[in-house]
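Position chain B relative to chain A; hints supplied.
2 protein chains.
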Amino acid sequence: MSRKTKTEIAEIYRQIQDHICAGLEQGDGQGKFVEDRWTREDGGGGRTRTFQGGAIIEKGGVAFSEVHGPTPEKILRKLGLKEAEFFATGVSIVLHPYSPMVPIIHMNIRYFEMDNGVHWFGGGIDLTPHYVDAADARYFHQEVKAACDQFDAEYYPKFKAWADDYFFVKHRNETRGIGGIFYDRLSATSDDHFQQILDFSLELGRLFPRVYSHFMQKNSKIPYGQEEKAWQNLRRGRYVEFNLVWDAGTKFGLDTNGRTESILMSMPPQAEWTYMHQPKPGSPEEFTLNHLKKGIDWLSFE
Amino acid sequence: MSRKTKTEIAEIYRQIQDHICAGLEQGDGQGKFVEDRWTREDGGGGRTRTFQGGAIIEKGGVAFSEVHGPTPEKILRKLGLKEAEFFATGVSIVLHPYSPMVPIIHMNIRYFEMDNGVHWFGGGIDLTPHYVDAADARYFHQEVKAACDQFDAEYYPKFKAWADDYFFVKHRNETRGIGGIFYDRLSATSDDHFQQILDFSLELGRLFPRVYSHFMQKNSKIPYGQEEKAWQNLRRGRYVEFNLVWDAGTKFGLDTNGRTESILMSMPPQAEWTYMHQPKPGSPEEFTLNHLKKGIDWLSFE
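As given, the protein sequences belong to chains A and B, one line each in that order.
Take the working numbering: the final residue in the first sequence is number 580, and no numbers are missing along the way.
Take the working numbering: the final residue in the second sequence is number 580, and no numbers are missing along the way.
Okay, chain A solo, but in the shape it has when bound (with noise of 0.2 Å):
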């Protein structure tokens, strides 16, 4: 089989984009993306489409983009390169809902190529519950677990690994969420394993919109009061810790001239700040922080 070119791959991802939207406006059943068509002045561009009025998802996107052009400084200098040209194509969301019982979501699927021959894939699917949950957490992990190991039995173990690495506030010493899968610069050693690797990114991109229909439908209606409304507002200020600190693809986007709006779309609507909140003892919210940690086996967490 040949290898995909970069043109082909975007495609794909276009097509993966559409299939996550529609699949999300029918689990939100209310709610529709409205469409906003950018161009990048380097070259390329994207279409952000941003979720409005939903009934259950408050805020959020579902990203695409498709760049090239000269490699920015920052990758050269990584790669110890003087000059190449790049192309990067992906497809990047983040869902912030009404309800504190259903928790947060991001996915990013991403293909990256220089005009040197280096390439590479990039994503992952991870989960942040305002409020952690013993059989949620075993779902989205058996759930991401069932598509890793369609390809690879190697995949879950590491880049579950790779995601509690990754997705670690580490200036609060705890974990964004329960995390989920990540991975980086996955490069093919074969064409039969590049298409595995497009392969996998694809069935990411299948998996999304199920599972978050899943947790949209039963989360949805658990019942809520002001109390776990501002948990939800401080765990939203935690999440914008991560991203706007440690995020690596949002600093690199927000340092080179990204789209700041597509790149900030994953803020949430609201988010609160109190100095030292302590969670009362025994709270759900305590229990809550109790996990937000590495290494947790979530496959069989009671």
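The hints are simulated quantities; they were obtained by calculation from the structure and are not laboratory data.
A portion of the hints provided could be inaccurate.
The list treats identical chains as one, so a pair stands whether inside a single copy or across any two.
Said to hold, decoys possible - Computed list of lysine to any residue pairs in SDA-like fashion (alpha-carbon distance at most 20 Å, straight line):
#, residue 1, residue 2
1, K310, Y553
2, K507, P547
3, K310, E336
4, K529, Y553
5, K282, D393
6, K558, A424
7, K310, Q504
8, K352, L567
What you are looking at is a predicted structure, and each value in this text was computed from that prediction instead of being measured.
What follows is chain B alone, placed relative to chain A:
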């Protein structure tokens, strides 16, 4: 006149914290500071004071710290040094008012020295109005200039430009607010000069409660509604973006295992994000955005 020792400077800064807290409690007329004392594992500690139950100030704090120990790797590398003990003391303030008509304010004074004889002062004061108002901007910059001019006629123009550059939200292409002054790595060339820079920082500490009390009294009487509150929350979102993405002090603190709750005392109580928000043409919100620019001469701004 002999040079003040680091211990004496810390004591002077401690008194400045007391002076500022007393002035702000008087200005607010209702709220009180609550003190949190903490110690640092590697040496030193601080008194973080947060404002509680305010009539005008919704959230904020006045933090004093005096820390010492082995110099963080990051600073050593920057200075090309292998090893040195450091000492740092300072007062740091951020205040977020309830009313969108009252500006956010920030001030910092700090002193740093190493056992190899290197020393410097840094600091500044800057204003972030939710709504730019010509008279308020003139008043603020004139007061700051008057404080600077008592010490050195070069201070205001130089440090005003420095603030424009420093408090810049690069990914939004806008300044955080209307600036003020910012200075860093000011080293003394004589004992008299040392005393002069120290006195300058104390003058800023005296200026602070006076200037902010002016805004508290005057601007808290201006009526506002839901539209202004919504705009305030968007502006608070930009404040968060600047502090977490660009502020060197915040980044350094979070990176070097500083006391997170004291560093993030600067976060607003609440913030909001809206995709692609555009103020109405001709509105005060648009006027504000149009004046979040570097290089404006606020002293004579009409």
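Now the hints, each set against the structure:
Only between protomers do K310 and Y553 lie at most 20 Å apart by alpha-carbon distance; the minimum there is 15 Å, versus 37 Å within a single protomer. With identical chains, the CA atoms of K507 and P547 are at most 20 Å apart both within one copy (13 Å) and between copies (15 Å). For the identical chains of this complex, K310 and E336 are intra-copy neighbours only, at 11 Å inside a copy versus 37 Å across copies, given an alpha-carbon limit of 20 Å. In the homo-oligomer, the alpha carbons of K529 and Y553 lie at most 20 Å apart only across protomers (18 Å), although the nearest pairing inside one protomer, at 26 Å, exceeds that limit.
In the homo-oligomer, the alpha carbons of K282 and D393 lie at most 20 Å apart inside one protomer (15 Å), although the nearest pairing across protomers, at 60 Å, exceeds that limit. In this assembly of identical chains, the alpha carbons of K558 and A424 never lie at most 20 Å apart, being 37 Å within a copy and 50 Å across copies at closest. Taking CA atoms no more than 20 Å apart as the test, K310 paired with Q504 passes in neither setting, with 27 Å inside one copy and 27 Å between copies. Proximity of K352 to L567 under the C-alpha cut-off of 20 Å is found in neither arrangement, the shortest distances being 35 Å within a copy and 30 Å between copies.
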